[in-house]
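Visitor: Listed below are the residues making up each chain.
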Amino acid sequence: MAKLDQGPPHYKKMLPPVILENYGKWKYHEIPSPGVLKHVGESGVLYSVRVGSPRLVSIDFVRDLCVVADEFCDGFLRFTTRNNVEFLVSDEAKLQPLLDSLEAKGYCVGGTGASISNIVHTQGWVHCHTPATDASGVVKAVMDDLYEYFNTMQLPAKLKMGLACCLNMCGAAHCSDIAIVGVHRTPPRINHDMIRKGTEIPSLVASCPTGAIRPDPKNKSVIVNNDKCMYCGNCYTMSAAMEILDPKNDGIAILIGGKTSNARSAPSFSRMVIPFLPNTAPRWPETTEAIRKILELWIANAHKGERVGEWVERIGWERFFSLAELPFSDMLIDDYIFSRETFRTSAAFKY
Amino acid sequence: MAKLDQGPPHYKKMLPPVILENYGKWKYHEIPSPGVLKHVGESGVLYSVRVGSPRLVSIDFVRDLCVVADEFCDGFLRFTTRNNVEFLVSDEAKLQPLLDSLEAKGYCVGGTGASISNIVHTQGWVHCHTPATDASGVVKAVMDDLYEYFNTMQLPAKLKMGLACCLNMCGAAHCSDIAIVGVHRTPPRINHDMIRKGTEIPSLVASCPTGAIRPDPKNKSVIVNNDKCMYCGNCYTMSAAMEILDPKNDGIAILIGGKTSNARSAPSFSRMVIPFLPNTAPRWPETTEAIRKILELWIANAHKGERVGEWVERIGWERFFSLAELPFSDMLIDDYIFSRETFRTSAAFKY
Amino acid sequence: MTEKKTPLLDELEKGKWPSFVTEIKRAAVKNAASAELLQVLEKSYEQRRGHWKHGGIVGVRGYGGGVIGRYVDEPQNFPNLAEFHTIRLLQPSGWFYNTKALRTVCDIWEKHGSGLTNMHGSTGDIILLGCKTESIQPIFDEFSEAGFDLGGSGSCLRTPNCCVGPGRCEHACYDTLEACYNITNEFMDELHRPMWPYKSKIKFSGCANDCTSSIARADCSVIGTWRDTLIIDQDAVKEYVADKFPIQVAVCDKCPTRCLKYNKETQELSIVGEDCTRCMHCINLMPKAIQPGKEKGATILIGGKSTIVQSAFMSWVIVPFMKMETEDDFEPFKDLMRRIWEWWDENGKSRERIGETIYRLGMTKFLKGIEVDPVPQMVFRPRANPYVFWNQDDLDSSGTALDGSKL
Amino acid sequence: MTEKKTPLLDELEKGKWPSFVTEIKRAAVKNAASAELLQVLEKSYEQRRGHWKHGGIVGVRGYGGGVIGRYVDEPQNFPNLAEFHTIRLLQPSGWFYNTKALRTVCDIWEKHGSGLTNMHGSTGDIILLGCKTESIQPIFDEFSEAGFDLGGSGSCLRTPNCCVGPGRCEHACYDTLEACYNITNEFMDELHRPMWPYKSKIKFSGCANDCTSSIARADCSVIGTWRDTLIIDQDAVKEYVADKFPIQVAVCDKCPTRCLKYNKETQELSIVGEDCTRCMHCINLMPKAIQPGKEKGATILIGGKSTIVQSAFMSWVIVPFMKMETEDDFEPFKDLMRRIWEWWDENGKSRERIGETIYRLGMTKFLKGIEVDPVPQMVFRPRANPYVFWNQDDLDSSGTALDGSKL
Ligand code: SRM
Ligand code: SRM
Ligand code: SRM
Ligand code: SRM
Ligand code: SF4
Ligand code: SF4
Ligand code: SF4
Ligand code: SF4
Ligand code: SF4
Ligand code: SF4
Ligand code: SF4
Ligand code: SF4
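Chains as they are written, first to last, in this note's numbering: chain P, 1 to 351; chain A, 1 to 351; chain V, 1 to 407; chain B, 1 to 407.
Since the hints were derived computationally from the structure, they do not count as laboratory data. We treat Cβ as the ideally placed atom computed from N, Cα and C, and that holds for glycine. Some hints here could point you the wrong way.
Residues of chain V placed beyond 10 Å of chain P at every Cβ, according to the derived structure [claimed, not checked]:
no. : residue
1   : Lys-14
2   : Asp-189
3   : Asp-210
4   : Ile-223
5   : Pro-246
6   : Gly-362
Calculated cross-link-like contacts (lysine-lysine; reagent style BS3-like; alpha-carbon spacing at most 30 Å) [to be verified]:
no. : chain 1 : residue 1 : chain 2 : residue 2
7   : B       : Lys-53    : P       : Lys-105
8   : V       : Lys-16    : A       : Lys-94
9   : B       : Lys-30    : B       : Lys-5
10  : V       : Lys-199   : A       : Lys-94
11  : B       : Lys-14    : P       : Lys-293
12  : P       : Lys-248   : B       : Lys-53
13  : V       : Lys-368   : A       : Lys-25
14  : A       : Lys-13    : V       : Lys-264
15  : P       : Lys-38    : P       : Lys-304
16  : B       : Lys-264   : P       : Lys-105
17  : A       : Lys-12    : V       : Lys-111
18  : V       : Lys-5     : A       : Lys-248
19  : V       : Lys-261   : V       : Lys-288
20  : V       : Lys-334   : A       : Lys-25
21  : P       : Lys-38    : B       : Lys-294
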């Protein structure tokens, strides 16, 4: 019989001795080279080597990691909040051999300091039912394109990217320096038969944030007021009868300037700068190009230490749009609950 | 027969020659002494002497002004957006005699530069039907108390005060450095007879911002859900049957930190720091004291040139509360439509 | 008139600030209603409550507003206040007067009214406080004869007002006095005959100091600005230096965009023009040395109002820059206002200010309705949510074919 | 398994970043379902749409969640994907592993599942991607045996996660790894048996850098902080100076409260303690010289969530400072969470996150409900509207008599 409620494995069993000895007693860290963190504790030094991961991996990938960890790390490694792998090296002598071995095997070392790191992302076409775009494919295309900023530390500051394949935002992209968000653009197409067969109509009606869905008792189904629908797909999450996928019109929106750290400035939401880019699978050139442009503009213009959002807030969003030569459209003006706070209630602005 | 739609008197007829000559050609100004503005134009100099007004005045007061204007200003004067009087002196030789005469007659000269000026205010008990406090009386009490800051220019910056005797905010106090706002604190008491006699029930129901009023068809009247009511008095504005005046519980709230100029920082709303002070007529000592305390705290702590709101935003509202030793209560936490933006979504704050 | 005691009000005759009680007493000497007002007010001070009722349709022939009906709650005790209405008169632009005009106001009001007035009301009108219903038409007739007209009340355009502007201010970027006069006259019908969902206000400020507080107090705020770069007079800068004015600390360090640089060696100020937001700060502090640019005009902002119902709103940018130099330049503004009011009239609910209507329906719908193109100056920042409405008709042409080509 | 072409996906094997396509292919070699996944995915790439359906109740005995039902839309063509469910496993705190544990995961998953996994899911779980309904119970049994347990799904407490914290970070102000472990274990019932209006997440970050992005991604964000003043090691400061590190520009000028002063002469840093907001900036830049204070703990923030329905919310401060040193210190936190969930459970609508419930009903009601006193740290700024609710019972005692005395 399976044990219930035994909880996660105990983390202490997963910690290498150097960590157990210096637990809570770390003094400072350095980043000797991109992808390598050196943490100095009261009684010992730990090197962590960060390696990029596609996140969607085979068990053989994981076993390969284990082989490396056994050889250089006494069998210890960890994953990061951005799904990178970190090899934990307690023996300084093994650091360079590890790096060499990783290089030889084609692992990507980087993602520390003022770099881009892995993109927090989601399931997409691989496994989810609401995606407006793929997740892993877009991430792969973007990371390939920006690789030079992963394995170096030449950016003005850290650049945190997130991708969510639909508005559910499982990639929690809403507070990212650059957010890639899958968006639908057409109202749901109702499968009335399916609704009649077992959808709970009151919940379906309640699920719509804009009140676009109303019951249609005559048909034992619902009616969607297309003018009120902004294609969030929440109804489709509630019921598969509200088909929202639309290959011709689904695609990607780009939002920028969010952050979650409290360093210097308060955490902030990402804000939309491109309402739509097409789903040009398999490599989404419009998306990679748009992101690169924004990134390079930031590199060229930001002060050292300035996150994307801090930079844009300093120069002003209106100035960002003119520098970026991005078209500004009514799509970008908020018209939802907290819209009012985004309106410029000031006569002071740039051109 | 009266002429319809002839519009206001033409302003050009009201301008002294020095203004007509320098119209749109003013070069700069100086403030030689409190209450005295010197405007230098391309062909002439204009002195304006600002005099405080109770705003609610008798025609004899106006006639007195005319006497002064005839004697020193060739018969020209103006009123300001804050209802002060400005005597327009084109002959420098008449400036000092004017000032002497004003002094002799007991006029209050001041309100320029880094001073307090007249309080924008409203009708109150003198003439309005919804007031939660008086207007002119509170203004008189506060201006008497702070007079030393009216006829000098020793403040960190301008201090703009506004008073509104009810939430209709006719004094537009909502963006003032210090706002004095009359507040009701109990739900309306319904006069059902009066409602039956002629209130348009649907409009009355619609008037309530929180949906606290619902029709009571049986009684041909309405019911108020007291728990939802926040005593705005909008229903009373719609119908006198919704008696909102409550001598025992009406009083004053103090909001601070608003501004409307775009200089340096964007215009901002005033924010509540004291939810209630009693209507201690005739001189509202609690109110005058509370305002003086805030004002003196600002004087002691602000940087030169910093408006009240700019100062508080710099030090942080949490710090303001501890410096001011003002109790913080749930009353001060927003729970209305745009509340979310006021919540501290950051782990960085002071104590 | 019987002399009655007013011990509480008398307290408000003490102190340095001029006393409204003294003023009511002055009026009371000549006018029975004002004398009763003193009593009612003393009663309010005792009881801590007002004693006025509103409502009733009062007005003059040909107009739908301009008079506010007011009645004391105990007419039996205060017969002279049984009717005590407010008359609103359009003030001259900038509240400039010659004494003749002012005396005319006093004389007519002495004849027909309480002799009490607000110079001025919070919206800007000359407020004549307290007259009988029967006097309203005669009062209007006489004022009309003397060149005055009624102001706004009800669901109409309210009396516009403006700052002193070119009349006495070096900062004025357009002629606020003329704009206010001209535009008020243009919209006489909208002002005198309520026909909208609710009130609508316009205020004209000559620069971003916004001395009329238009951004908070008007549905339409017309705020002077310029389009090019501000002008620096380096000689004048040197004079400020000579006067020991702390340019770096007081001006440059407080420039919100830090685009103004002071060079200690050369004693010169320089500016990165494209970074300046025209906030007025530096100009305010160094009016002799810094002036607005040459290409002057106004920013048009929409939506300001006070607290009731949806919260207070400040106006937001709809047109970043509009020329305002000649009378012809007012035309586009007038057209814009007509489109704005029309849209609001069609879409607004009863007692909904235009800011609330725009908020409820979305800025996008509003901009389409008034045919104004969106620009980034309209917002502090773009939307944080991805809840974009797509025009389904355009979509077909902006969709993407499976081969990646635009459809 | 038939070898089929995947020309579009093959494009995603090019480039430097490791390829998920390569990974699916590796799994496909051993597993029929993974092989079919490749085909379905290629189809998605051709057609630009997903091919998955959700729903159906799948799970293990004794739990209400932990498995996400997933079905391909053309089971006739992809029989091995007819059922292709996700298993969520609770990860060890901080995602630390020894290779033995990891290999165990691989082995069990190889036996029963697709051989594909996410290391890790966005909430933090080990995500095992794709298995049949019949395998769910055996999979759980074997993992249970090996010391693993299911994570959260449905309207329950979701799998908490935490930053590396004291495991490898000098900034950690409390033991995130232990807190996450201990508190996850405490709330096993809440996690495994959905019973709330909707999901609820907790994330633990050791300091205000918030390396778990808890403020955006969790209904409850536990962010390390300190209560006294940060500690400066002046010798270490001098070393930074010697290394030519630009202290003034990089650190002091960017301190948000400008409370950190650098004295060029003495080469010393000083701080105005009460002005510091503990934002971490200076510590981040000079970890050798500046450390958090000694009185450490955490700030508790509530309400974070992503976009659907009412917009994305960030968590806001509910408890500015809570001690978090010993296991005993976790008790008040657990009590607080229970009160919070209880209030939400009573007041929340179906599919309403707690942030949305608080927003709808007002922070005041929430604070009363959870018995937490309001403090100014909870808000950036007080309310701008005067729409205060007064407790009518208290009012009688806070009213004022006509003689000015309190009632
Ligand atoms: C390993 C990891 C924690 C974990 O438990 O897994 C981590 C580790 C460190 N973080 Fe972090 N952070 C990690 C995710 C984050 C996140 C969350 C995220 O990326 O989604 C954030 C918040 C993101 C945001 O603000 O939007 C985050 C914001 C920071 C910051 C603040 C940066 C800023 O200035 O805004 C610092 C301080 C710094 O770097 O100066 C920091 C600093 C650090 C330090 C230097 C802490 C230390 O002394 O050890 C660690 C090395 C940083 C580096 O890579 O340069 N860490 N860090 C995470 C690595 C993710 C990855 O694989 O790339
Ligand atoms: C006379 C008046 C305009 C009118 O048409 O009546 C006026 C006149 C001037 N204002 Fe004003 N302002 C007047 C109301 C305002 C208002 C509106 C109000 O008071 O309700 C504001 C916006 C208030 C706010 O921001 O909340 C206003 C914000 C300013 C500012 C910006 C101050 C700031 O730094 O925030 C300046 C610039 C300055 O003083 O440096 C300014 C500057 C000036 C100057 C110096 C302009 C000039 O060069 O002539 C004038 C003399 C100011 C003085 O008194 O020191 N004026 N000024 C108003 C006098 C009211 C009074 O009786 O006190
Ligand atoms: C007289 C005046 C106050 C004063 O002492 O100066 C005034 C007095 C009244 N206002 Fe006002 N408002 C006056 C300026 C304002 C302003 C300020 C402004 O215009 O700059 C505001 C805030 C700005 C705004 O428009 O939002 C203002 C916002 C209101 C409101 C709330 C409107 C809203 O949308 O929030 C009401 C309620 C209503 O209209 O039903 C209101 C209603 C009223 C009524 C008509 C209510 C009533 O019937 O009792 C008051 C008549 C009092 C009387 O005895 O005549 N009054 N009212 C001001 C008009 C004088 C003038 O014409 O010059
Ligand atoms: C697997 C995962 C994405 C990933 O690739 O990592 C995921 C996948 C799904 N999420 Fe999520 N969410 C995942 C983390 C998140 C996060 C991020 C986080 O937790 O930090 C969020 C945003 C943060 C938040 O909670 O607001 C997130 C916000 C949602 C939402 C919107 C909830 C909301 O209140 O706004 C939904 C919709 C729903 O629950 O009906 C959702 C629903 C779903 C469903 C269950 C929808 C469905 O049935 O198809 C997805 C299942 C996919 C699948 O194939 O299993 N998922 N979901 C993540 C969970 C892995 C794990 O347990 O570790
Ligand atoms: S973001 Fe949407 S499509 Fe992507 S995994 Fe989450 S629920 Fe599925
Ligand atoms: S997609 Fe969203 S907005 Fe449209 S009907 Fe469905 S729930 Fe409503
Ligand atoms: S603020 Fe209220 S009480 Fe005062 S004058 Fe305006 S409507 Fe009347
Ligand atoms: S006072 Fe305001 S909240 Fe209360 S019932 Fe009347 S309209 Fe509604
Ligand atoms: S708004 Fe500008 S132009 Fe008008 S008076 Fe004020 S400072 Fe002068
Ligand atoms: S107007 Fe304002 S933004 Fe422009 S230079 Fe002067 S202070 Fe700076
Ligand atoms: S949140 Fe703070 S304690 Fe945790 S890893 Fe990041 S920097 Fe270290
Ligand atoms: S923690 Fe932040 S606020 Fe405090 S001294 Fe350092 S940089 Fe300044």
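Visitor: Could you run down the list of hints and mark each one as holding or not?
Guide: Hint by hint, here is what the structure shows:
1. Lys-14: Non-interface label on V/Lys-14 holds, nearest chain P Cβ at 41 Å vs cutoff 10 Å.
2. Asp-189: Answer for V/Asp-189: holds, closest chain P Cβ roughly 29 Å.
3. Asp-210: The claim is violated: V/Asp-210 sits with its nearest Cβ about 7 Å from chain P, within 10 Å.
4. Ile-223: violated, 4 Å
5. Pro-246: holds, 23 Å
6. Gly-362: At about 3 Å from chain P, V/Gly-362 fails to clear the 10 Å cut-off, so the statement is violated.
7. B/Lys-53 - P/Lys-105: violated, 38 Å
8. V/Lys-16 - A/Lys-94: Judged against 30 Å, a Cα distance of about 25 Å means the pair holds.
9. B/Lys-30 - B/Lys-5: holds, 17 Å
10. V/Lys-199 - A/Lys-94: violated, 44 Å
11. B/Lys-14 - P/Lys-293: holds, 22 Å
12. P/Lys-248 - B/Lys-53: holds, 20 Å
13. V/Lys-368 - A/Lys-25: violated, 40 Å
14. A/Lys-13 - V/Lys-264: violated, 48 Å
15. P/Lys-38 - P/Lys-304: At roughly 23 Å apart (the allowed maximum being 30 Å), P/Lys-304 and P/Lys-38 satisfy the hint.
16. B/Lys-264 - P/Lys-105: Violated, because 49 Å separates the two Cα atoms, which is more than 30 Å.
17. A/Lys-12 - V/Lys-111: Distance of about 28 Å is within 30 Å: holds.
18. V/Lys-5 - A/Lys-248: holds, 24 Å
19. V/Lys-261 - V/Lys-288: Since the Cα atoms of V/Lys-261 and V/Lys-288 sit roughly 17 Å apart, the hinted pair holds (cutoff 30 Å).
20. V/Lys-334 - A/Lys-25: holds, 26 Å
21. P/Lys-38 - B/Lys-294: At roughly 24 Å apart (the allowed maximum being 30 Å), B/Lys-294 and P/Lys-38 satisfy the hint.
In this structure, the hints that do not hold are numbers 3, 4, 6, 7, 10, 13, 14 and 16, in rising order.
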